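**Q** Based on the sequences and whatever the hints tell you, model everything.
Per my numbering, the very first residue in the sequence shown carries number 6; after that it's consecutive.
Simulated from the structure, these hints should not be mistaken for lab results.
Just so we're clear, the structure is a prediction, and the values are computed from it rather than from any experiment.
We put the CB at the ideal spot given by N, CA and C, even for glycine.
Mixed in with the good hints there might be a few duds.
[As the list claims (entries may be wrong)] Between beta-carbon pairs, the in silico distance windows are:
#1 Glu68 x Ala11: 19 to 27 Å
#2 Arg25 x Leu78: 18 to 26 Å
#3 Val40 x Phe77: 13 to 21 Å
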Amino acid sequence: MLQNPATTRFQLVSTLSRIRQEWQEATGSSSLIEVEGNMGMLLADLINGLGLGHAEQMHILGEDLFQEMQDFLKTPNQN
6 MLQNPATTRF QLVSTLSRIR QEWQEATGSS SLIEVEGNMG MLLADLINGL GLGHAEQMHI
66 LGEDLFQEMQ DFLKTPNQN
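**A** In structure tokens, the structure reads:
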């Protein structure tokens with residue numbers, strides 16, 4: 006299936022904008038430059054936001070980080 010490059014670009018921009026907004030809300034900060042972050046979580050947000058499949062996710066994250074993220078996402082929130 007061929008996608009229109011403009012549509013793909015719009016989807017990418019929308020996804021990245023949503024992820025940025027979520028990170029700002031989660032950190033309670035207006036400046037993400039000043040926030041220390043978890044790169045594994047950032048990568049996970051990106052691949053989930055882009056709707057990548059498991060094989061693509063594993064390729065991007067590597068097997069160890071992919072498994073860590075799967076385990077983390079399955080763990081109930083401990084608040």
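**Q** Taking the hints in turn, state whether each one holds.
**A** Hint check results:
1. Glu68 x Ala11: 19 to 27 Å: Taking Cβ atoms as reference, glutamate 68 and alanine 11 lie about 35 Å apart, which means the hint is violated.
2. Arg25 x Leu78: 18 to 26 Å: 20 Å, holds
3. Val40 x Phe77: 13 to 21 Å: Cβ of valine 40 to Cβ of phenylalanine 77: about 19 Å, so the range 13 to 21 Å holds.
Of the numbered hints listed earlier, the single one contradicted by the structure is hint 1.
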